[in-house]
Each structure stands twice: as C-alpha cells, then as structure tokens.
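Engineer: Residues per chain, in single letters:
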Amino acid sequence: MFNLWQIDRKVKELPQITIKGKLTSDKAKEVLGDSNDVLVKDIYTGNKSVKIQAIGIDGLIDSDVIDNYVLRPFTNIALNKTEKDLYEMCKNGVIYHISQKEIKDINEAVENILQGNTVVFFDHLEKAVSFDAKNLPARSITEPENESVLKGAKDAFIESIRVNTGLVRKKLKTPMLRLESFTVGKEAVTKLNIVYIEGVTDEDLLNKVREKIKNIDMNDLISAGKFEICMKDYKYSLFPQLLFTERVEKFCANICDGKVGVLIDGLPIAYLLPGVFSTYFQAPEDYSQNYVLSSGIRLLRYICFIITLVLPALYIAITMFHHEMMPTDLAISIIESKEGVPFDTAVEIVIMLVAFELLLEASLRLPKTIGSTISIIGGLIVGEAAVNAKFISPAVVVIIAFTGITGFVIPNQEMSNALRVCRIFLVICASLAGMFGISFGLLFILYYLCSIEVLGVPYMVPFVANGGKNMLKDTIIRLPRDLFGGKDD
Amino acid sequence: MEITKGKISIRQAYIIVILALTAPSLRVIPNYVARIAKEAGWETPFLVIIPGVILVYVINSLFQKHQEDSLYEVFMSVFGKTITKIIFLVYGIWIVFLCSMYLRMFGERFVGTLLFNANMRALLGLMMIFVGIAVLKKFETLGRLSEILLLFFIILFTTVTLAILPQIHLENLYPVTYYDTLPVLKSVLPVFSLFSYITPLMILGDKISHKDKLKTYGKRALYVLAAFFLMLILSTVGLFGYSVSQQFIFPYYFVLNSVSLFGNVERLESLFISTWLASDFTIVLFFLFMAKQTAQKLLPIKKQIFYVIPLCIVIYVLAVMVFRNVSQVEQFASNILYYINIGLFALIPLIALIVGKVRKVV
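Read top to bottom, the protein sequences are chains F and A.
FYI, the numbering used here numbers position 226 of the first sequence as 226, with every residue one higher than the one before it.
FYI, the numbering used here numbers position 92 of the second sequence as 92, with every residue one higher than the one before it.
No lab work stands behind these hints: they were computed from the structure.
Careful: at least some of the hints might be erroneous.
Unchecked claim - Here are the simulated DSBU-like cross-link-like pairs (lysine-lysine), alpha carbons at most 35 Å apart as the crow flies:
| id | chain 1 | residue 1 | chain 2 | residue 2 |
| --- | --- | --- | --- | --- |
| 1 | A | Lys5 | F | Lys212 |
| 2 | F | Lys368 | F | Lys235 |
| 3 | F | Lys208 | A | Lys302 |
| 4 | F | Lys151 | F | Lys173 |
| 5 | F | Lys469 | A | Lys219 |
| 6 | A | Lys357 | A | Lys5 |
| 7 | F | Lys212 | A | Lys138 |
Small disclaimer: the values here were computed from a predicted structure and weren't measured.
Sequences are here, hints too, so could you generate the full structure?
Structural biologist: Take a look at the structure:
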C-alpha cells in the first residue's frame, strides 16, 4: 500500500485495465470474478427470452432502496413487456430514482458497480442503466484529532467523499461553489473532487490543478503520500507544498480566499493548493482570537521557527569557534558544565539530536496509553543519567530541549519535519566553519526556498514577488480585516 | 506589482542592486570618505543623490521606447551593430574583472576577520561553485532572495546604528565649513561609481518588467542607499574620527566590534560579518548573471552551460592570480576602478542618450 518507490519504476506498474467486450451482465460477471459479495439479481418478466439482470456489490449498495425503488417497480411493470419497452420505460422515468444514468460501455458499467452503484443490464439490447443507491461504510463525523480548537466548529472530514462534499456545501452556501469530479488510478479507481469558488479562484491556478490531476499516473491513490507526490512541482523537496487539513471550517475559509481544495475518497483530510510558506504558520485559533493576541502568537511562531532551525548550530559555532561572543558568566557556566564530558560540543549536539529523534519516533509508534512512558524513560531517566554519567553536558540538554519545544510550536507537522532535517544540515555546517558555515547553510536553504514554485506561485509569497504588498496582512502577524477595507484581498 | 513569468520586476532589480552594493560599500565608503572629506564626510550621501538621479533619468530616457529590450538592443538602435559589439566586449571584460575582484574581496574579508586559518583558494572555489550553480537557475530566484535579504539587512543595520548611537562623538562630525565643499564633492565620486551599477543591471533588461516605473523605483533605491551610506559614515567616522577611520582597511568591522546590546551582549562582529556573506553572494551572482548575458549577446552559442563554466573558471583564476592581497585590491579600487566605472556605466549611457536623441531612436 505504501510502496511509493514504485512511482518512478515503470516495470512495476500495473497495466491500465481496459475491458473489451459487449455491454452485458455476463461480461460484467466475468470481469468481477467469483466474488461472494457480488450480488446478481434476475428480473422476471414472464418472457424467458428477455434477460434483465441487476448487479451490485454487497456492502456498498443500499439494499432497501434497490429492493423498493428499483427491483419492485421493475417487477410490477415487467410482465409481458419486451426488453426494449422496459428499457424505454426505465429511461423515461417509470423507475423513479433521482440519480440514474445510461451506461455507455462495459468499462463504465464495471466502474459504476465498484463505486457502489447498482447497474441493470438489458443483455439483448446491450444497454445498461446505473442507479446510485450507495450505502458505503463510513464512520460518523467526529471532532478533529490533530487540529482541535477552543473556539470554532468541531466537525472534521471523514473517509467518505460524498459526506465531505456535503459538509463543505453545508458551510459554503454559495451558488458559485463548484465541485469537479475526477477519477484517478489504473487499478483501484479513486474518486476525487476539486472544490473552488467560481470568480474567486484564479483560472490559471485551476487549470494547472486540473492538468496535474489528469496527469496522475498511479495504480491507486489509496494513501495520501501518493497524491502529494503527484501534485508536487518539486518532488524531491523537503518542504511541504500542499496544505492539508481535517477541519471543514479551515478548508472552507481557504476556499473563500481563492485556494483550490481537493477532496479524495477514502481520506479523512482535504488538500488546499497552493500551499505557500506562510500558510504553514497559520493555525485555526488565529482567526477566533483577538488580533493582538493572534499576532503575538504568530510572531512567536516565526521566532520559534528561527530558533529551532539555528539554535543547536549557533551553540556549536559560539562554543567551538567564536568564544568571544559569550558573556563571561555564561562562558564560565558552560565550561563548568562541560567539565569531564569526553565529547566535542558538535558530537554532543549530534548525539542529543539523534536521541531526540529516537524518542519522537518511539513515542509515535507506541499506543497512546503507554506513550507517556517514553517521555519518562527518555526525559527523566536516560537524560538525567546521561548528564550524571558525564556523557552529555547539561547545557546541551537544555539547548536540545529548547530546540525541540520551539519546533513543536509550528502548527504544521510537515514543515516541522523539514526543519528537523535542515537543523542537522546547519549543525554540520556550523561544525565545519562556525558562523560562516551557518550563514552559508542558511543562504543555501533560503535560496532553495526562493526557487520553489507551487503551481506557478512562488513559495515565499507574499514576502517576495508581490511588490511588497500584503507582507503583514496574514503572515508574521495577523492584522484586523478593517485595515484592508473590511474584506479579503 | 504583477510579475511576468520569467522576469523580475524593476523593484526587485533595484533591490538586487541595493543588496549587492552593501558588500563593497562597507569596505569602500567609510574609509574613502574619511580620507577625502574628513569630518564633513557625512554630507556625501546627500550630494550623491544629484548625479544618481541624473543617471536614473538617463537610463529611464534610454528605455522609454524600449520597454521590453535590454541595454544591448538599446545600444544597437543608437550606435549600430559594430560599436555596440565593441562596447559590450569592453563591458564583458570589465564585468568579469569586477566579478573576480568582488570574489576576492569576499575571501579577504572572511580570511581577515572570521576564518583566519582557512584556505583562501578553497573558500573562493566554494563560493564560485555555489554561484555557478545558482547562475544556471532562474534569475527570478535572485530577485526573490534579495527581497528577503534586504529586509534582514535593514533590521541588522538599524540595530547596529541604534546600538552604536550612544557611543558616537559629535565632535568627530564637525566643524563643517565651506572649505569642505571641494573634498565633499570629490568624495561623491567613489560613492556614485558604485551606484552606477544600475547601468550594467540593464544588460539584463529583457528579464526585467515594469520598466515604466524605472524612474520612480530608481529614486527610491537611491534614497535607501543614501540612508544606508549615511548610517555607515555616521557610525564609523562618528565613532573613531576621520583620522582613525582612514587607516582601517575595513573600518566597519571595528564598529561591529564596539556594538553592545543591553550592556551585556557584546563582540557580535562574527555574527554580523557572517551575514555579509549574503551580500557577497548577491554581488558575485549579479555580476555573473550580467557576464553570462553579455556572453550570450556576443557569442553565437545557445547552451548556457558552455559559457557559464568557462566564465566561472576565468573569474576564479583572476580572483586567485591577479589580486595577491587586500592592499592590492584596495589600491586597484581607489586608483582605477571608480574612474572606469563612471566612464563605462555613467558616461557611455549619457553619450548613448545624446546620440539617440539626435537620431531620434530613444
């Protein structure tokens, strides 16, 4: 399922499944194979030469609806009718169902059955009609697990695309809301919808999103990572380029701001495009609090971003290369704390960073009930023991702890992960050339960030390429909307 | 300002110039102004605005009818093919030379202040590789990078100036009498020669959009630079006096050395100096982009890699071989560089404007 490495290896890819044959129930049964969840129901017409069959998949269809509103009316009218009569009657609304459509070929028929529709085949005519009466297994709408807020709506996306589109419609009651449907995947077909507001979203951006989705060349789109890698312009970049959320409220707010949303069947999250740098520092609470407080917290996040990125490297540079920068008292206290420690500061920092990553990884893998054990073992027992045993100096423990805490302040986990890698890169630079190394590393990272474009939008917008406008509207601080004419720009 | 794909805006172009100029300004301006204009040196930034504005007007007039063109096309229409090719050949050689000089200056600054034991050749090689890779990428990236770095530099300079303000001795900045007029006017020359880099910037004119706002943003850039130069001179001459300032090769280093934040955080020169790497990177990359563009105009080679690699090698070799030490660079700068800069980047555009007006092509 998570074999992303297959993406660039053509030999491993499954061939595009194209079914050739007549539009008949026999052909459909042959393609679907001998699966016990495939339901086939003959419709009796009183004429043995007439063959009408309904096919659906148990567990995906709503049996009550199909029985009462499709099969029963058919049976009632079917006696002594020809197949053509029945097909015409069915087409003209005798079988009343809000969502029914004519099927063009066997491929479409099979795809409809797999999506949870029931398809009625008229074998001799080689025609078929699909009835949308799904009853897909889905959990109920719950609170978001990773993006909880104090003030705000509590509904989160679930795995069913139709429920998710309904949630969006419920929030955005505008006639200009558009949902475009796509099917992706050669083997396991997955439905996805792009969501936008006509007139608000840039048409160029929309076309680029459509193009990208059409070009998705995957066997399936079951995992989120596969979609992300297909949509990224810079596939090998560390930095996230797609913003995702499980909150309906956040999704809708971004759609109103002109972003393009993507809902994928089977994923309890929604994507927002383009995901530029500043959006990864925005949290839902920012908009439900006073702007002064929100601005302060936002500013704090950016400061934490810098601290978590450079603090370990800065500590190495100061203690190993530029001692003169330290105030005398601080220098004495660091020297005292390092007494008896056999390692270089750079080695100490690297050991502690690796230990921190290990703790983080271990706590992710453990069940929630015993997850706290790791912090006790790691933080208190191992940390304390390592300091007492003079493996590590207490100053380094403080530096790494502070780095970790500041890293967690960043609301987006993917951005936080990218920073973890950059941090290690800067530590190496600082170990080699002190402050010069840090500057060189930072310049490299910044240059790279400036070179990235997400669907044609520079990643560092609005800090760059925007004529100096809106740099402070909703970035480092969050200004009240009144300052911008009381409307979104 | 909406930005066209594949181009940078005129605002971004000026920001690149401002950022690129911070590196040579730090070395040149306090030292040079203290030597020529003495305690009246702080008047120089105000006076440099005059020739600066004239140059902006000249460039603006040249591009009035050539909004989508570069300087090469403008010169083509003014001087014809042969003279333009000769001018661009001279420009190309001079730009390569300047690029190697700034590369060497970067090395000298770091080896002389931060990385005492570093191998100069390795340091220059590292920078050249980084710049060489960057020049193969989009020009827009440099524009975007400069926008961010400029903000950072403004914060940095303002912090340093505010921190150093209580230590400035006003007696180092006066008396100013009418006897200072001529020295001050003379000291305008090196400062203006740096600002004249807006002319070679227009070699990349076909990659710059919104040239109709060339005048507006040009004047703004000039004011920002004048403010920056003023801060430099005030903090250096004001702190040490002109007699001491003119003795230092890199006087601003000692200003940074004297910075004290909240009376507790001191000796931050390593931090400040290392940030100058960004400006060094910008100026070397900026000149390399111009050298690449000039080569592109003069040579019939399509693939950029074929002239970028030789250019990088030539620049590196010149930086290592031609300049032997920091004093030599300094001598070269004060005796030759400014005059050639003004001749090439200020007088030639002026001549082009006059000829162009006579021929009614600009």
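Engineer: All hints, please: hold or fail.
Structural biologist: Hints, one by one, checked against the model:
no., hint, in the structure
1, A:Lys5 - F:Lys212, "19 Å, holds"
2, F:Lys368 - F:Lys235, "33 Å, holds"
3, F:Lys208 - A:Lys302, "30 Å, holds"
4, F:Lys151 - F:Lys173, "22 Å, holds"
5, F:Lys469 - A:Lys219, "19 Å, holds"
6, A:Lys357 - A:Lys5, "32 Å, holds"
7, F:Lys212 - A:Lys138, "22 Å, holds"
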